[in-house]
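The chain contents come next:
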Amino acid sequence: MRRNVQHHLTVNGEPLEASFAPYKTLLEVLREDLGLTGTKHGCELGECGACAVLVDGEPQLSCLALAIECEGRSIETVEGLGRGAALHPLQSAFADLGAAQCGYCTPGILMTAKALLEKEKNPSRERIKEAISGNLCRCTGYQQIFEAIEEAARVLSEEDGHESQAMKVRP
Amino acid sequence: MKVLGKPRRRVDGRSKVTGQTRFADDIVLPRMLHAKLLRSPHAHALIKEMNVEKARNHPGVHLVLTGKDFPITFGILPVTQDEYPLAPENVRYVGDPIAAVVARDEQTATEALDLIEVKYEVLKTISNPEEALANPEPRIHAYSELGNIHRLQAFEFAGAEGAVEETISKSDHVFEDLFFYEGNTHLPIEQHASVAQLDGEGKLTLWSSTQVPHYVHRSLARVLQIPASHIRVIACPNGGGFGGKCDVCNHEMVVAKAALLLGRPVKICLNREEVFYMHRGRHPVLMKFRTGVAKDGKLTGMHLQTLVDGGGYGSYGVASTFYTGALQTVTYELPRYKFDAARVFTNKPPCGPKRGHGTPQPRFGQEIQLDKIAERLNIDPAELRLRNILKANTVTANWLKVGTIGLAECIRQVVQRSSFKERYKKLPYGRGLGLACGSYLCGAGLPIYWNKMPQSAVQLLLDRSGQVTVFCGATEIGQGSDDVLAAIVAEVLGIDPFEIRCVTGDTGITPVDLGSYSSRVTVMMGNAAIEASKKIKEMIAEAAAEQLEVAPDRLNFSDGRVFFENKNLSFAEAVGFAEEKFGTLGAVGSYKPPRGPGRYKGAGVGPSPAYSYTACVVEAEVDPKTGWIHVPKIWIAHDIGRTINPVLARGQVEGSVYMGLSEALMEEQIFRRLPPKLSSALVHKIPSLLEYKSLTSLDMPEVDTVLIEDPDPNCPFGAKEAGQGPLLPVMPAVANAIFDAVGVRIDELPITPDKVLRALKLKSEGKIARVGPESFPAVPYPEPVVVPPPWEGGDGNAVKGFDRPRLSPSERKVSSSKI
Numbered sequence: 021m022r023r024n025v026q027h028h029l030t031v032n033g034e035p036l037e038a039s040f041a042p043y044k045t046l047l048e049v050l051r052e053d054l055g056l057t058g059t060k061h062g063c064e065l066g067e068c069g070a071c072a073v074l075v076d077g078e079p080q081l082s083c084l085a086l087a088i089e090c091e092g093r094s095i096e097t098v099e100g101l102g103r104g105a106a107l108h109p110l111q112s113a114f115a116d117l118g119a120a121q122c123g124y125c126t127p128g129i130l131m132t133a134k135a136l137l138e139k140e141k142n143p144s145r146e147r148i149k150e151a152i153s154g155n156l157c158r159c160t161g162y163q164q165i166f167e168a169i170e171e172a173a174r175v176l177s178e179e180d181g182h183e184s185q186a187m188k189v190r191p
Numbered sequence: 009m010k011v012l013g014k015p016r017r018r019v020d021g022r023s024k025v026t027g028q029t030r031f032a033d034d035i036v037l038p039r040m041l042h043a044k045l046l047r048s049p050h051a052h053a054l055i056k057e058m059n060v061e062k063a064r065n066h067p068g069v070h071l072v073l074t075g076k077d078f079p080i081t082f083g084i085l086p087v088t089q090d091e092y093p094l095a096p097e098n099v100r101y102v103g104d105p106i107a108a109v110v111a112r113d114e115q116t117a118t119e120a121l122d123l124i125e126v127k128y129e130v131l132k133t134i135s136n137p138e139e140a141l142a143n144p145e146p147r148i149h150a151y152s153e154l155g156n157i158h159r160l161q162a163f164e165f166a167g168a169e170g171a172v173e174e175t176i177s178k179s180d181h182v183f184e185d186l187f188f189y190e191g192n193t194h195l196p197i198e199q200h201a202s203v204a205q206l207d208g209e210g211k212l213t214l215w216s217s218t219q220v221p222h223y224v225h226r227s228l229a230r231v232l233q234i235p236a237s238h239i240r241v242i243a244c245p246n247g248g249g250f251g252g253k254c255d256v257c258n259h260e261m262v263v264a265k266a267a268l269l270l271g272r273p274v275k276i277c278l279n280r281e282e283v284f285y286m287h288r289g290r291h292p293v294l295m296k297f298r299t300g301v302a303k304d305g306k307l308t309g310m311h312l313q314t315l316v317d318g319g320g321y322g323s324y325g326v327a328s329t330f331y332t333g334a335l336q337t338v339t340y341e342l343p344r345y346k347f348d349a350a351r352v353f354t355n356k357p358p359c360g361p362k363r364g365h366g367t368p369q370p371r372f373g374q375e376i377q378l379d380k381i382a383e384r385l386n387i388d389p390a391e392l393r394l395r396n397i398l399k400a401n402t403v404t405a406n407w408l409k410v411g412t413i414g415l416a417e418c419i420r421q422v423v424q425r426s427s428f429k430e431r432y433k434k435l436p437y438g439r440g441l442g443l444a445c446g447s448y449l450c451g452a453g454l455p456i457y458w459n460k461m462p463q464s465a466v467q468l469l470l471d472r473s474g475q476v477t478v479f480c481g482a483t484e485i486g487q488g489s490d491d492v493l494a495a496i497v498a499e500v501l502g503i504d505p506f507e508i509r510c511v512t513g514d515t516g517i518t519p520v521d522l523g524s525y526s527s528r529v530t531v532m533m534g535n536a537a538i539e540a541s542k543k544i545k546e547m548i549a550e551a552a553a554e555q556l557e558v559a560p561d562r563l564n565f566s567d568g569r570v571f572f573e574n575k576n577l578s579f580a581e582a583v584g585f586a587e588e589k590f591g592t593l594g595a596v597g598s599y600k601p602p603r604g605p606g607r608y609k610g611a612g613v614g615p616s617p618a619y620s621y622t623a624c625v626v627e628a629e630v631d632p633k634t635g636w637i638h639v640p641k642i643w644i645a646h647d648i649g650r651t652i653n654p655v656l657a658r659g660q661v662e663g664s665v666y667m668g669l670s671e672a673l674m675e676e677q678i679f680r681r682l683p684p685k686l687s688s689a690l691v692h693k694i695p696s697l698l699e700y701k702s703l704t705s706l707d708m709p710e711v712d713t714v715l716i717e718d719p720d721p722n723c724p725f726g727a728k729e730a731g732q733g734p735l736l737p738v739m740p741a742v743a744n745a746i747f748d749a750v751g752v753r754i755d756e757l758p759i760t761p762d763k764v765l766r767a768l769k770l771k772s773e774g775k776i777a778r779v780g781p782e783s784f785p786a787v788p789y790p791e792p793v794v795v796p797p798p799w800e801g802g803d804g805n806a807v808k809g810f811d812r813p814r815l816s817p818s819e820r821k822v823s824s825s826k827i
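For the record, the sequence lines run as chains A and B. Under the numbering used here, residues 21 to 191 are what the first sequence spells out, in order. Under the numbering used here, residues 9 to 827 are what the second sequence spells out, in order.
Since the hints were derived computationally from the structure, they do not count as laboratory data. Only a predicted model underlies this, so the values are computations on that prediction, with no experimental measurement involved. Please note that a few of the clues may not be correct.
Within a straight-line C-alpha distance of at most 20 Å, the following computed DMTMM-like cross-link-like pairs (lysine to aspartate or glutamate) qualify [claimed, not checked]:
#1 B:K701 to A:E64
#2 B:K641 to A:E167
#3 A:K44 to B:D34
Anything over 12 Å on all C-beta distances counts as not near chain A; from chain B, calculated [stated by the list, open to error]:
#4 R16
#5 A400
#6 R650
#7 P719
Note that the Cβ used here is the ideal one computed from N, Cα and C, for glycine as well.
Full structure from sequences and hints, please.
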């Protein structure tokens, strides 16, 4: 039997100790050792973008990263995107506007879009197209995905506005 | 309408955006083992010897299976049961599975595959239809009709044999054109996966990424020789299907057998390369259209010949081959029609159904030919089509009964919205517009195996809590099948779709539905759902009427209430009274399409309860220096009958536009022959998502989508399909736009920059500015089955050729032509 290694990972804000085979990719450890099957795979070769997660806030293809390289880094997956039971504005917009058809590429696109919106509050259509150009979707034709990301950007900006107003009235 | 037609979040939307949708590979069971398949590296060979001892003794290996463990064949069509789960003697394409290892993990199984020793006797390979016709030996399948020709078909829809040619040759104009449509593949992002388990009762459960759990269920019973009632197939939501998960698959049989033998759960997940080799995608088709046209642009008759490259096995191929000709009659009036088809076996992955199943290829040819006709006769392309559109409520020359046709309005919409009249032929050199139309089935009229049973069924369960559970065998492949089901039940019962729990795609607990293919789900499941819902509504109304002291037929069901004027009950209260009155509440509904009027053998392919229609305009920019094609915008109008959920309907249409454009410009499933020292194997040129090109977010143009509602009485609330039809006009519209832009005809797909450059070079040399097939090989098509159309005194039966004798090759009429 091959020996497992023990590593400290931070996944969706929770520090945890994981035991896994040292040759495993981050994708495999997330899905097989941590039970986080929300992250998908379409090629395991870095071609489709379905396995995108955020590592220290940056979108990364989890099929190309070894889990042992992620020690001490912050990993975010689709399971951590919601706000408790409530959906993140990106999730709501994707569900409402038809951006998820089969839903298989969706987790990867949601995480990639989250990284984009954290850097740019109101990205142009062109910026959105560029940001998700590494995520293949065979169902939607992308239009409704663009629209959902734009809608989420709008909602997030509004939330920011409310928060900053709330800050002002606080003593 | 309270629910239908209003934009809504789909009922399974939340689960898809939280990562909670459980796809087949997401299933993890205690004690689960993992399987991998050993696949043939040869395209055509005999297995002479196989030694699996080393693999069997490898630490961590639990089981090795070979062809000896599977004596019984399977196949999706009853006439082509030609595949073994693991090939015992013959391998017919690179990738044909020959052995399986089940081990503690994938890594161990993969290591053990390398320990299996196989000796092959390599056979000559057949790479394309021309080679298949020229080489009757070595025969890929012994059962093929003639040499390596799998199937031959010929029909003449006219009063007498030869009448079609007579009509065409006497027409004012005769157009003869050759077209080629390259094969391509579905490319779902989810790779196929299956998990099999022996349950506590000793019965088999298989979870699988399949579009057709019912057919998998039947095939497992056949191959494993256990009672069908002891097998439960659960179709997990598919991570994209497009026809790629419509066939019964080797790996499904293998994990089922392994679970039966080991008593432990067994999982398999194909890697991307394996998905390319399993294929079952678009058939490459060579076509010859000979069409007669009157001065006014009306079509007088058509003779279509197709030559279909089937790959190594039957799959859906016999049906696909029929479909290359069966639907040519449902869009435009065609007084006389002749159709010859041949499917050949080649040593490549088997072809099968992909979105549009057999019809995008001839649609590509026909719509380009119409553009050529419009050009030569100097008629506007939109006007030419409007003049030829079939009249609603018609029986066609080949005896298809067509109901509503919303195509004229679709054409008017795309013409107006794209300013086609103002801009066509008037844009600067390098920019152009192209128009094309299409039509598709709303469900195949007959099931794959012939029977008189329902093709879809729905069961409802209600109780005093007000909860409504709906059971149906239909399969969610992303298209929104569960949402359609919930919406239709909700509409009838006057409640919100989110109040309904859908239990679908599970042969153990849901009534039979044949699966998600042929755009059948909305119409067939929808009609069954209406029947069940109406039955339960009547019971609830009767009980509620007693309580409210009004006549049952005066009650309204709306907004979660059952009411008349100011007397009202909540839906849950009304259900409670019905439970008191009738006992436990349930209802069933089922649907079987009306029988088509055709009575000749072969009339089973083409009939449908309704046909959808689409028109499309593509704008293209072509760089004459590089041949590069840029498509900035596409306008599309789809006759959907009635829209159930506009968010999803638009998604289906735009997803079709995307896939159609991707096929038009880049997608191709192509092979190369390795040198003889490497066994001359036919290997996939580009079996990866990086090299098999498909459109990305950066390539996708703006799409202007219009849904035309022309409700069809055969459809639930009038709703037709939307998932396949809108793909059809996109490819020819691209080709027609390129002609408008730079004046060259590209009569084959995909339309790549090198072909455009070649055609431009021919044009500059004063030659015919066309790239496409140059000749059509000699195909021994048989004498046709002659079926007179309704207007030539026919009754739907054949008058000649229905007992076609098997002819020897020398007796067959050989036709050949060059252009």
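Verification of the supplied hints:
About 17 Å separates the Cα atoms of B:K701 and A:E64, which keeps this hinted pair within 20 Å; it holds. Proximity of B:K641 to A:E167 is assessed by CA-CA distance (about 17 Å); at most 20 Å being required, the pair is judged to hold. Only pairs whose Cα atoms come within 20 Å are accepted, and A:K44 paired with B:D34 is accepted, the gap being roughly 17 Å. Not every CB of chain A lies more than 12 Å from the CB of B:R16, the least distance being 8 Å, so the non-interface label is violated.
Every C-beta of chain A lies more than 12 Å from that of B:A400, the closest at about 30 Å, which supports listing it as non-interface. No Cβ of chain A comes within 12 Å of the Cβ of B:R650; the nearest lies about 18 Å off, and the non-interface call holds. No beta-carbon of chain A is positioned within 12 Å of the beta-carbon of B:P719; the least distance is around 23 Å.
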